[in-house]
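Asker: As they're listed, the protein sequences go chains A and B.
Residues 2 to 335 (the working numbering) are what the first sequence spells out, left to right.
Residues 2 to 335 (the working numbering) are what the second sequence spells out, left to right.
Among the clues, some could well be false.
PhoX-like cross-link-like pairs, simulated, lysine-lysine; straight-line CA separation at most 25 Å [unchecked claim]: (1) A:K50 / B:K197; (2) B:K50 / A:K131; (3) B:K11 / A:K70; (4) A:K11 / B:K131; (5) B:K271 / B:K11; (6) A:K146 / B:K197; (7) A:K299 / A:K70; (8) B:K131 / A:K4; (9) A:K4 / B:K197; (10) A:K197 / B:K50; (11) A:K11 / B:K11; (12) B:K131 / B:K11; (13) A:K7 / B:K271.
To give a feel for the contact side, a few chain B residues facing chain A, derived at Cβ under 10 Å [what the hints assert, rightly or not]: (14) S94; (15) K131; (16) E153; (17) L154; (18) G155; (19) I191; (20) L312.
What the hints contain is simulated information worked out from the structure, not anything from laboratory work.
Virtual Cβ for every residue (Gly too), placed ideally from N, Cα, C.
There are 2 protein chains.
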Amino acid sequence: MNKLGKQTIKFDAPPTIVQTASIVGPKEAQGPMAKYFDQCLDDEFWGEKTWEKAESKIIKETVNMAVSKSGIASNDIDFCFAGDLLNQCISSSFGLRELNIPFFGVFGACSTFVESMCLGSVFIESGAAKNVLCATSSHFCSAEKQFRFPLELGNQRPPTSQWTVTGSGAAILSATGQGPYITHITPGKIVDMGIKDANNMGAAMAPAAFDTLITHFEDTGRKPSYYDAIVTGDLGYVGKDILSDLAKTKGYNISSNYNDCGVLIFDKLKQDTHSGGSGCACCGTVFSGYFYKQLQEKKINKILLIATGALMNSTSSQQGESIPGIAHAIAIEN
Amino acid sequence: MNKLGKQTIKFDAPPTIVQTASIVGPKEAQGPMAKYFDQCLDDEFWGEKTWEKAESKIIKETVNMAVSKSGIASNDIDFCFAGDLLNQCISSSFGLRELNIPFFGVFGACSTFVESMCLGSVFIESGAAKNVLCATSSHFCSAEKQFRFPLELGNQRPPTSQWTVTGSGAAILSATGQGPYITHITPGKIVDMGIKDANNMGAAMAPAAFDTLITHFEDTGRKPSYYDAIVTGDLGYVGKDILSDLAKTKGYNISSNYNDCGVLIFDKLKQDTHSGGSGCACCGTVFSGYFYKQLQEKKINKILLIATGALMNSTSSQQGESIPGIAHAIAIEN
Numbered sequence: 002m003n004k005l006g007k008q009t010i011k012f013d014a015p016p017t018i019v020q021t022a023s024i025v026g027p028k029e030a031q032g033p034m035a036k037y038f039d040q041c042l043d044d045e046f047w048g049e050k051t052w053e054k055a056e057s058k059i060i061k062e063t064v065n066m067a068v069s070k071s072g073i074a075s076n077d078i079d080f081c082f083a084g085d086l087l088n089q090c091i092s093s094s095f096g097l098r099e100l101n102i103p104f105f106g107v108f109g110a111c112s113t114f115v116e117s118m119c120l121g122s123v124f125i126e127s128g129a130a131k132n133v134l135c136a137t138s139s140h141f142c143s144a145e146k147q148f149r150f151p152l153e154l155g156n157q158r159p160p161t162s163q164w165t166v167t168g169s170g171a172a173i174l175s176a177t178g179q180g181p182y183i184t185h186i187t188p189g190k191i192v193d194m195g196i197k198d199a200n201n202m203g204a205a206m207a208p209a210a211f212d213t214l215i216t217h218f219e220d221t222g223r224k225p226s227y228y229d230a231i232v233t234g235d236l237g238y239v240g241k242d243i244l245s246d247l248a249k250t251k252g253y254n255i256s257s258n259y260n261d262c263g264v265l266i267f268d269k270l271k272q273d274t275h276s277g278g279s280g281c282a283c284c285g286t287v288f289s290g291y292f293y294k295q296l297q298e299k300k301i302n303k304i305l306l307i308a309t310g311a312l313m314n315s316t317s318s319q320q321g322e323s324i325p326g327i328a329h330a331i332a333i334e335n
Numbered sequence: 002m003n004k005l006g007k008q009t010i011k012f013d014a015p016p017t018i019v020q021t022a023s024i025v026g027p028k029e030a031q032g033p034m035a036k037y038f039d040q041c042l043d044d045e046f047w048g049e050k051t052w053e054k055a056e057s058k059i060i061k062e063t064v065n066m067a068v069s070k071s072g073i074a075s076n077d078i079d080f081c082f083a084g085d086l087l088n089q090c091i092s093s094s095f096g097l098r099e100l101n102i103p104f105f106g107v108f109g110a111c112s113t114f115v116e117s118m119c120l121g122s123v124f125i126e127s128g129a130a131k132n133v134l135c136a137t138s139s140h141f142c143s144a145e146k147q148f149r150f151p152l153e154l155g156n157q158r159p160p161t162s163q164w165t166v167t168g169s170g171a172a173i174l175s176a177t178g179q180g181p182y183i184t185h186i187t188p189g190k191i192v193d194m195g196i197k198d199a200n201n202m203g204a205a206m207a208p209a210a211f212d213t214l215i216t217h218f219e220d221t222g223r224k225p226s227y228y229d230a231i232v233t234g235d236l237g238y239v240g241k242d243i244l245s246d247l248a249k250t251k252g253y254n255i256s257s258n259y260n261d262c263g264v265l266i267f268d269k270l271k272q273d274t275h276s277g278g279s280g281c282a283c284c285g286t287v288f289s290g291y292f293y294k295q296l297q298e299k300k301i302n303k304i305l306l307i308a309t310g311a312l313m314n315s316t317s318s319q320q321g322e323s324i325p326g327i328a329h330a331i332a333i334e335n
């Protein structure tokens, strides 16, 4: 592999994404992406007693589904890279504790899915692994309870707020396969522009997405038009507009081929989700469900996927801190 | 690099640990390891208003110290791998937000330091990076408040309980250097033997350490006597005894060269720390402070470092869950 420019790695023998899987909750099942997901749940509990246990079950079953669909024996998977939004990433560690695959816990907030694919693809290309598993999850109820207010309070949500996606996305990367290939990764820096409003994550994360996007273009020499689709993870409507505007200030016009998973997953008018979807599973399910199939069917052939994360917790907000953002990008090509 | 056996990677051009740094709190400053740390603090706040902000300052200053001591310009460091125990790893993300180095957030609970070195060394050996930074932190006050009870309650601690180390350890790995080298990594699986007592982390984590230890020996063909020191991260007195006993059941006697950072960092009789130290910084500071210098001075030449983590949070314990453990091992040799 070669390092390009400041922070991009180009793979000589790019890993293939051999399979993905996605399971989502009932609200996502009513959204415009529903038909692309492997499984839609009827309720937020899925037979479990708590939301946290439900989230663990969702990531567990999504991972099992990805392994099963791939046809790769689970003991041929060398490493698992996974993480989630719950304190100490318990959704992943409890959900995947029976997996019996060496496990790297990853925390990138909502950027976790692409962070895990960045790490996994370096392991594949280097020969450290033949097959790796990358997974993440989020759950509206467990996230609201932890980051904001008890759901029972019925707090009003401001227009900039986003709706945490209930679901899980998983991908299996392999040294051998016919693509789609991860050709480049551009891991991001932490960027904090001083946004303090925990109900406006799009604004907090957009500067990090901007930094990674521009760095990717500068490092690779590519222009926005190179890609059939440039897709961010969960900037939502507010953050998407900010990123488009910021990109223009550097001379990059992404208006014709840019979209955001948080914008795509819900119907803004019918579903009352304000600025759109968020959560680790937003990018995880929309990529695994929708974009991966578009790549497989060659409806698109080149995608730049940029997952964004807000690296804060409720204590940091209570202590008056701003919200640091991060964004990791991968180029996926047929 | 080559995969050995089930889950060990052997490096052909092993990365050098070119420098480490460690900063600890006032209790650690009164313990038997004090003289090996780079800096000992007088109080738990270090001029900050909250424990969380103090912990962020500790990791920030430790990382700055490691970079400064190494003589490597910070813009020659390609990636940073870091994580901690606070919810959503805010110590790392706030402490390192001004670092301006592409950042991979890692969560392995108290195994984070070695997990980050596993990831970093694969990045180095593969050519994805020339220099990487690995760091972690923990803080007694922020951890107690988050995982157990408000400190003001003055709860009595059972004999199996451990004392979270206040401090931070950081290491810089490089493709070039004269050693000590990371020659092998054995990333661990999640192991859950059903322990539910959140005041007995040693017992919860020892089975994971056992699994990784035995796997390392089987994968490499090495015996305990190959190493000058076999060192676990924070099993404490209780977990250390369990691991020694478990190892014997598989025919491996580690009694003569095995120790634990949680046993080493505090004076059991004088410091009232019961089963010993714990926390990400336990392994992080004792390795960075003590063992790294022992390796540099060639007082020891071969060490197997196994950091252990308990992948739980307070919600999982309240919901009646057991405590999954994990252990990651690295072999470091002159």
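Asker: Now, for every hint given, state plainly whether the structure supports it.
Answerer: We went through each hint and held it up to the structure:
Under the criterion of a C-alpha separation no larger than 25 Å, the hint pairing K50 of chain A with K197 of chain B is consistent with the structure, at around 18 Å. For the hint pairing K50 of chain B with K131 of chain A, the CA-to-CA distance comes to about 48 Å; that exceeds 25 Å, so the pair is violated. Using a Cα cut-off of 25 Å, the hinted pair K11 of chain B and K70 of chain A is violated, with the two alpha carbons roughly 31 Å apart. A C-alpha spacing of about 15 Å is found between K11 of chain A and K131 of chain B, which places the hinted pair at or below 25 Å, so the restraint holds.
The hinted pair formed by K271 of chain B and K11 of chain B fails the criterion: a straight-line CA distance of about 42 Å is larger than 25 Å. A C-alpha spacing of about 24 Å is found between K146 of chain A and K197 of chain B, which places the hinted pair at or below 25 Å, so the restraint holds. For a cut-off of 25 Å, the pair hint linking K299 of chain A to K70 of chain A stands: about 20 Å separates their Cα positions. This hinted pair checks out: K131 of chain B and K4 of chain A have alpha carbons roughly 10 Å apart, not beyond 25 Å.
For a cut-off of 25 Å, the pair hint linking K4 of chain A to K197 of chain B is broken: about 46 Å separates their Cα positions. Between K197 of chain A and K50 of chain B, the direct Cα distance comes to roughly 18 Å. Compliance with the 25 Å bound is thereby established for this hinted pair. Taking the CA atoms of K11 of chain A and K11 of chain B, the gap is about 24 Å. The hint holds against a cut of 25 Å. A distance of roughly 18 Å separates the Cα atoms of K131 of chain B and K11 of chain B; the hinted pair therefore holds under the 25 Å criterion.
A C-alpha spacing of about 51 Å is found between K7 of chain A and K271 of chain B, which places the hinted pair above 25 Å, so the restraint is violated. About 4 Å separates the beta-carbon of S94 of chain B from the nearest beta-carbon of chain A, less than 10 Å, and the hint is met. The restraint placing K131 of chain B at the interface with chain A holds, with a minimum CB-CB distance near 8 Å, inside the 10 Å limit. Annotation: interface hint on E153 of chain B violated; nearest CB of chain A at approximately 17 Å, more than 10 Å.
At its closest, the beta carbon of L154 of chain B sits 18 Å from a beta carbon of chain A; the interface hint therefore is violated under the 10 Å criterion. A hinted interface residue such as G155 of chain B counts as satisfied when its beta carbon comes closer than 10 Å to some beta carbon of chain A; here the least separation is about 22 Å, so the hint is violated. At its closest, the beta carbon of I191 of chain B sits 4 Å from a beta carbon of chain A; the interface hint therefore holds under the 10 Å criterion. With a least beta-carbon distance of about 4 Å to chain A, the hint placing L312 of chain B at the interface is held under the 10 Å criterion.
Hint check: violations occur at hints 2, 3, 5, 9, 13, 16, 17, 18; the rest are consistent with the structure.
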